[in-house]
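Asks: Based on the provided sequences and hints, a complete structural model is requested.
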Amino acid sequence: MRIIIFGPPGAGKGTQAQLISKEYGIPHLSTGEIFRSAIKNETPLGKEVKSILDAGELVPDEKVVELVEEELKDDKYDDGYILDGFPRTVPQAEAFDEILEKKDKQLDAFLQLEVPEEELVDRILSRGEGRSDDTPEKVKNRLEVYQNETQPVLNYYQKQDVVIGIDGVGSIEEIFNRIKDTLDN
Numbered sequence: 001m002r003i004i005i006f007g008p009p010g011a012g013k014g015t016q017a018q019l020i021s022k023e024y025g026i027p028h029l030s031t032g033e034i035f036r037s038a039i040k041n042e043t044p045l046g047k048e049v050k051s052i053l054d055a056g057e058l059v060p061d062e063k064v065v066e067l068v069e070e071e072l073k074d075d076k077y078d079d080g081y082i083l084d085g086f087p088r089t090v091p092q093a094e095a096f097d098e099i100l101e102k103k104d105k106q107l108d109a110f111l112q113l114e115v116p117e118e119e120l121v122d123r124i125l126s127r128g129e130g131r132s133d134d135t136p137e138k139v140k141n142r143l144e145v146y147q148n149e150t151q152p153v154l155n156y157y158q159k160q161d162v163v164i165g166i167d168g169v170g171s172i173e174e175i176f177n178r179i180k181d182t183l184d185n
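FYI, the UniProt record's numbering numbers position 97 of the sequence shown as 97, with every residue one higher than the one before it.
Please note that a few of the clues may not be correct.
As the list claims (entries may be wrong) - With a straight-line cut-off of 16 Å between C-alpha atoms, the simulated EDC-like cross-links for lysine to aspartate or glutamate are:
#	residue 1	residue 2
1	Lys105	Glu57
2	Lys103	Glu137
3	Lys105	Glu144
4	Lys103	Asp78
5	Lys47	Glu33
6	Lys103	Glu57
7	Lys63	Glu94
8	Lys138	Glu70
9	Lys105	Asp78
10	Lys73	Glu23
11	Lys138	Asp104
12	Lys138	Glu118
13	Lys180	Glu70
14	Lys22	Asp79
15	Lys102	Glu66
16	Lys105	Glu48
17	Lys73	Glu48
18	Lys50	Glu33
19	Lys159	Glu69
20	Lys103	Asp74
21	Lys140	Glu48
22	Lys63	Glu48
What the hints assert, rightly or not - Computed beta-carbon distance windows for the label pairs:
#	residue 1	residue 2	range
23	Asp181	Glu66	20 to 26 Å
24	Asp161	Ser51	35 to 41 Å
25	Thr135	Asn155	27 to 33 Å
26	Leu183	Gln158	17 to 23 Å
27	Pro116	Asp181	20 to 26 Å
28	Gly25	Thr135	19 to 25 Å
29	Pro60	Lys22	18 to 24 Å
30	Pro116	Gly32	31 to 37 Å
31	Asp108	Glu69	31 to 37 Å
32	Ala55	Asp108	32 to 38 Å
Don't read these hints as lab results, they were simulated from the structure.
Please read these numbers as outputs of a predicted model, since none were measured by experiment.
Every residue, glycine too, gets a C-beta built ideally from N, C-alpha and C.
Replies: Structural data, given as structure tokens:
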């Protein structure tokens with residue numbers, strides 16, 4: 001099973017992706033985790049990504065695609081995976097389609113976590129990750145960047161008829177049960 005979990009910052013993608021990974025025995029590939037690890041370890045990529053994120057911007061498509069394509073070469077992804085934080089732009093989505101095509105695979109589900117903006121801002125500010133861009137103004141900027149640059153990805157996948165909207169409000173368990181019901185049907 002190859003799944004993309006999608007939604008704005010603070011929607012709970014990482015949390016739900018981990019639960020899906022455990023439930024269905026597929027690896028969770030989070031570009032955010034890869035970037036956070038690089039930042040923490042102060043690798044060249046980490047330093048570059050940190051300065052981009054500190055400005056409230058998105059990491060360039062080529063860097064992200066390169067990172068994901070390289071990671072997906074690992075055998076552990078042969079039987080499926082859940083992608084979290086990728087693709088974030090239409091060029092990334094197109095590049096991902098090419099990656100799938102090369103491997104003669106297809107996307108099984110595109111899960112869209114739907115959460116109102118007020119709830120997103122509250123979640124981000126209360127989760128205390130300590131990101132330098134976790135201020136109300138920067139959070140609103142990130143949500144605006146998401147709307148402008150990432151929302152077209154949703155439209156791209158709607159044309160492929162793989163988008164499944166999931167109500168992302170409620171307890172972690174309630175949201176996960178909605179996802180399970182969807183994936184099991």
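Asks: Run every hint past the structure and note whether it holds.
Replies: Okay, the hints, checked on the actual structure:
1. Lys105 x Glu57: violated (31 Å)
2. Lys103 x Glu137: violated (42 Å)
3. Lys105 x Glu144: The given pair, whose Cα atoms are some 33 Å apart, is violated under the 16 Å limit.
4. Lys103 x Asp78: Judged against 16 Å, a Cα distance of about 9 Å means the pair holds.
5. Lys47 x Glu33: holds (15 Å)
6. Lys103 x Glu57: violated (31 Å)
7. Lys63 x Glu94: holds (15 Å)
8. Lys138 x Glu70: Given that 16 Å is the threshold and the Cα spacing comes to 31 Å, the pair is violated.
9. Lys105 x Asp78: Holds, at about 10 Å.
10. Lys73 x Glu23: Between Lys73 and Glu23 the Cα gap is close to 23 Å, so the pair fails against 16 Å, i.e. violated.
11. Lys138 x Asp104: Between Lys138 and Asp104 the Cα gap is close to 40 Å, so the pair fails against 16 Å, i.e. violated.
12. Lys138 x Glu118: holds (14 Å)
13. Lys180 x Glu70: Given that 16 Å is the threshold and the Cα spacing comes to 29 Å, the pair is violated.
14. Lys22 x Asp79: holds (14 Å)
15. Lys102 x Glu66: Holds, because 15 Å separates the two Cα atoms, which is no more than 16 Å.
16. Lys105 x Glu48: violated (32 Å)
17. Lys73 x Glu48: violated (24 Å)
18. Lys50 x Glu33: holds (13 Å)
19. Lys159 x Glu69: It is violated: about 23 Å lies between the C-alpha atoms, which goes past 16 Å.
20. Lys103 x Asp74: Cα-Cα ~13 Å, so holds.
21. Lys140 x Glu48: With a Cα-Cα distance of about 23 Å, the restraint between Lys140 and Glu48 is violated, given a limit of 16 Å.
22. Lys63 x Glu48: Holds, at about 11 Å.
23. Asp181 x Glu66: 20 to 26 Å: violated (36 Å)
24. Asp161 x Ser51: 35 to 41 Å: Roughly 39 Å apart at Cβ, these two residues keep to the hinted range, so it holds.
25. Thr135 x Asn155: 27 to 33 Å: At 30 Å between Cβs, range holds.
26. Leu183 x Gln158: 17 to 23 Å: Holds - the Cβ-Cβ distance for Leu183 and Gln158, about 19 Å, lies within 17 to 23 Å.
27. Pro116 x Asp181: 20 to 26 Å: Holds, at about 22 Å.
28. Gly25 x Thr135: 19 to 25 Å: violated (39 Å)
29. Pro60 x Lys22: 18 to 24 Å: violated (32 Å)
30. Pro116 x Gly32: 31 to 37 Å: violated (22 Å)
31. Asp108 x Glu69: 31 to 37 Å: violated (19 Å)
32. Ala55 x Asp108: 32 to 38 Å: For Ala55 and Asp108 the Cβ distance comes to about 35 Å; the hint holds.
When each numbered hint is compared with the structure, violations occur for hints 1, 2, 3, 6, 8, 10, 11, 13, 16, 17, 19, 21, 23, 28, 29, 30, 31.
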